[in-house]
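Protein chains: 2
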Amino acid sequence: MEFCGKRIKTREKFDDVAIHTCHLEAGHKGRHAEYPFLQHLKAKHSRVANKIKRDATMTTGAAWKSEDAGPNRIARWAMQLTDKELKQHGLDMSKLRPGIVAKLRDKAASYDDCVDVAIKLTWLTYQMQNAPEAPKEIAAYLEDLRGSMSKGSTVCEVCRLPLDFKLFAEAKRGKAEIETCHKDPRAHNSDNVGFAHRRCNVAQGPMKLDEFYDWAKGILSRVGRV
Amino acid sequence: MEFCGKRIKTREKFDDVAIHTCHLEAGHKGRHAEYPFLQHLKAKHSRVANKIKRDATMTTGAAWKSEDAGPNRIARWAMQLTDKELKQHGLDMSKLRPGIVAKLRDKAASYDDCVDVAIKLTWLTYQMQNAPEAPKEIAAYLEDLRGSMSKGSTVCEVCRLPLDFKLFAEAKRGKAEIETCHKDPRAHNSDNVGFAHRRCNVAQGPMKLDEFYDWAKGILSRVGRV
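Keeping their order, the protein sequence lines are chains A and B. Numbering-wise (our numbering), the first sequence opens with residue 1 and increments by one. Numbering-wise (our numbering), the second sequence opens with residue 1001 and increments by one.
Don't take each hint at face value.
As the list claims (entries may be wrong) - Once the Cα atoms are required to be at most 25 Å apart in a straight line, the calculated DSS-like pairs of lysine-lysine come out as: (1) B:Lys-1103 x A:Lys-175; (2) A:Lys-183 x B:Lys-1217; (3) A:Lys-13 x A:Lys-84; (4) A:Lys-103 x B:Lys-1175; (5) A:Lys-175 x B:Lys-1084; (6) B:Lys-1151 x A:Lys-175; (7) A:Lys-217 x B:Lys-1208; (8) B:Lys-1183 x A:Lys-217; (9) B:Lys-1051 x B:Lys-1217; (10) B:Lys-1009 x A:Lys-175; (11) B:Lys-1095 x A:Lys-107.
Hints in this document: simulated from the structure, not taken from any laboratory.
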């Protein structure tokens, strides 16, 4: 599919950093739309749609609260700017603790990669157990971009067990039971991103998925379980 | 060893809930002491001594901040009181979210079990790689209660790799690299408690240690690693 590509003005912070564009198919009729594939979820399951867009495009929020803790969720493409450029946007990286800076910089991704991730996450969402049916147009759009869809085929990237759409609604202490997961925690692109159980994502921690499996195997061999 | 058992008055909250006692050997000379085994660490590595006492005797703090988030660290033995008794002590459990109440109640332990845990953690600490030498008196005290000590023999309860005393000093974003760990997260007694790498403890999460190993084995078999 070739995207329309028409520039879209948004009112988001760091909007001038990335050129937001229409992701409807080239030659489409009607209004331009940046995230047309999310429109159905947005209408029916807005929390899920918001989560997909947020996880795809924004850095994580600061769980800690202090002067030097860093900003709460900013566009991932802003993290591609230099310190000097960020300062011109009102974000003084030199005032943040080095660990926070490293964490924020790890989240850097291009606008196009972020949109790609949002598309993949949407495609995976519709293939979860108990997920709503995608309207024909959206299903065709997603299948054109990512391949055919099959209900019930989306598994946790870490433990490989099927994921249920209902888990989006289940949260413990404000933490959703499904999280966006990175096979390599420091690369944000559609090949590398999927969904995982919160428990699985937390267990993987800062390790690459392969490193996590090696780590787990080392443990099991030391306790005589393999 | 028989403890002296003389009642010690402390100024801690919920002091009247548990009878604090002297844990020097019966018939000792000099002043009474509640945690005599911690005195050397307290003088030389106060953060480690404070951590041992805190983890052994207190509930975890609330990481979240809100009206109904619950109190920040209270004595584990206070969690053995009824809601009514706690209210008389100024803690209204009915105002807390059910999840918080459950979490706090999970931490309940008797005063004696808490002191036992503190003794075990101290005994394990002196046996870590690069740990300071225990003064003769303290070594004899700990060995009498827990068995002979051997430097370098303390391993992470989860991954079974040796733990280095230096890790106590290493913290990332305020989180120490060594955590107190429970083989069964809902039982606080010396058989069940040890140290673990932060990463390992986080990965174990709310699972019992055996459940964690089973869970990890399931994953590895699904990804073809066992």
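Go through the numbered hints given earlier and state which of them the structure violates, listing their numbers in rising order. 5, 6, 9, 10, 11
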